[in-house]
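Below, each chain spelled out in residue letters.
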Amino acid sequence: MSNSSAAVSRAASSIAVEVEKVSKIYPGGVEALNDMTIQFPKGELTSLLGPSGCGKTTLLKIIAGLLPATSGRVTVNGVEVTGPGEERAFVFQDFALMPWATVLRNAAFGLELRGVAKSERHAIAEKYIEAVGLKGCEKLYPHELSGGMRQRVGLARALAVDAEVLLMDEPFSAVDEQTRRKFQEDLLDVIKHEGKTFIFVTHSIEEAVYVSHSIALLLPRPSRVSEIIRPDIDRDISPDAIRRDPVYLDIVERIWKGLRTYVE
Amino acid sequence: MKLFGIKIPMMASLIFWAILWEIAGQLDVSILLPPFSSIIMRMVEIIPTQTFFKAFLITAECFLLGTGIAIVLGIPIGVLMGRSIVADRMLLPWVNMFLSAPLTALVPVLMTLFGFGMKTIILTTVLFAIWIIVLDARAGVKNITPSLVDMAKSFQASHWQAFTKIYVWAALPEILAGIRLGCIRSVKGVIIGQLLVSVVGFGRLFELYSANFLMEHMWALLFFLFFFAFLIAEGLGVLERRFEYYAAARH
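Taken in sequence, the protein lines are chains F and H. So in this note's numbering, the last one in the first sequence is 265, and the numbering has no gaps at all. So in this note's numbering, the last one in the second sequence is 265, and the numbering has no gaps at all.
These are computed hints drawn from the structure, not numbers from a lab. Do not rely on the hints blindly, as some may be mistaken.
Said to hold, decoys possible - Here are the simulated DMTMM-like cross-link-like pairs (lysine to aspartate or glutamate), alpha carbons at most 25 Å apart as the crow flies:
id	chain 1	residue 1	chain 2	residue 2
1	H	LYS156	H	GLU254
2	H	LYS167	F	ASP163
3	F	LYS140	H	GLU254
To be verified - Here are the computed distance ranges between Cβ atoms for each label pair:
id	chain 1	residue 1	chain 2	residue 2	range
4	F	LYS119	H	PHE112	57 to 67 Å
5	F	GLY44	H	THR178	30 to 40 Å
6	H	LYS133	F	GLY30	49 to 59 Å
Note that CB positions come from ideal geometry on N, CA and C, so glycine has one too.
Throw the hints in and build the complete structure from the sequences for me.
Structure follows, in structure tokens:
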């Protein structure tokens, strides 16, 4: 490899996902996104935070390749997105597990679709089932699990395909509050160990501040990125200490002030 | 059910009607109504015969082939209609028309095209069964949680993978209901086809019995068919209930 191309790849390497002037108009004329430009740094968790109707889920689905953009372009590692790809994996708000399949088969399903041999994909899935804290549940069916456990399966499935970018669409919104807190703490561990890029849609300010390296504050009508906030919190202190950290509380307060005008 | 404080078992009404039938038969009310007991005797007599067995084999073959074709064609067509708006627009009017059309009237047309044989009977069976299977598979696929479809897409499932690994399973409760209803219609199709073709299988027997006023034989054959259709419907009902938890668990 020549020096110049190495330099180019190093320059590009800090940004995993780039959204350039993306607009989305749904059939029927509803404008969900208007000329949105935003960058997602590699190896970090970036939250898309905003009131409902700001187009955050739409943006996530466009990045995933599940929805076509009306105009503009999305690139992942410099390659333009034209549809779903191996380097991205999606975690769904309602888990999207197959009720007729066991936890093990659900977690291995991304690999199954890619034609990975059964013993190999089961070994990989077992590893991630353990990593998300569900060891021993491999033979259970989704309806035998609580909401929080189901979403852990969804996360294990997304991790198992070893995608560089994980797209999470309000993953904890269908999970009760206690489970949610525990899940957020575990997510911080996963982020630390997996070294992947996470794009995380949420409408919870506390959640965004707690789990994110940076928060993109999205505002509606017209939808735009109003601000990018980097919570400067020391992640090595205990989860309870983070939640009592003045920096954490200040940022939550600041974001709420920015958003409250949009909440009737 | 309770009558005068005595608990009456479920099948008791059948016994009541059988006794009434027997009395009417013994009183010689009509030549069309032989005593119930002699019909049963006749059943015991004709069911083990070669002729009956052959007719049964032909009927079973037509039924199984016809239903099989209806299932194998009906499910993919239904799934396609559930997934593709274009296919749905193109096919739905036809499916709805055939579902309610008096298909019996079509059998003579089929006879002129395919002759007086098994082909016509099998085709009649398919025509009776397929439409409800298509419609139920379509309804099942339309009910799939959208995120499950997105999930398959996001992991880059091919159309074939999505069909065999997601759509068919997610729509299984509706598909099974469609198959059960399709089988009930198949029984009708196979009998009506045979009656109209009337040179093979039970159709030939019916023709033979009625032409010679063998009312006991006729009733014996009818009872046998009724019982058989009932068994098929009940058997599929049991199978369907075993999968019912899907319907509750998938949303």
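We went through each hint and held it up to the structure:
1. The suggested pairing of H:LYS156 with H:GLU254 holds, with an alpha-carbon distance near 19 Å, which does not exceed 25 Å.
2. Among the hinted pairs, H:LYS167 with F:ASP163 is consistent with the structure: their alpha-carbon atoms are about 17 Å apart, no more than 25 Å.
3. Annotation: proposed proximity of F:LYS140 to H:GLU254 holds, straight-line Cα distance about 24 Å (limit 25 Å).
4. Take F:LYS119 and H:PHE112: their Cβ atoms lie about 42 Å apart, and the range 57 to 67 Å is violated.
5. Between F:GLY44 and H:THR178 the beta carbons are some 37 Å apart, a value that agrees with the proposed interval 30 to 40 Å.
6. Under the hint 49 to 59 Å, the C-beta atoms of H:LYS133 and F:GLY30, about 54 Å apart, fit the expected range.
The structure is inconsistent with hint 4 alone, although it conforms to all the rest.
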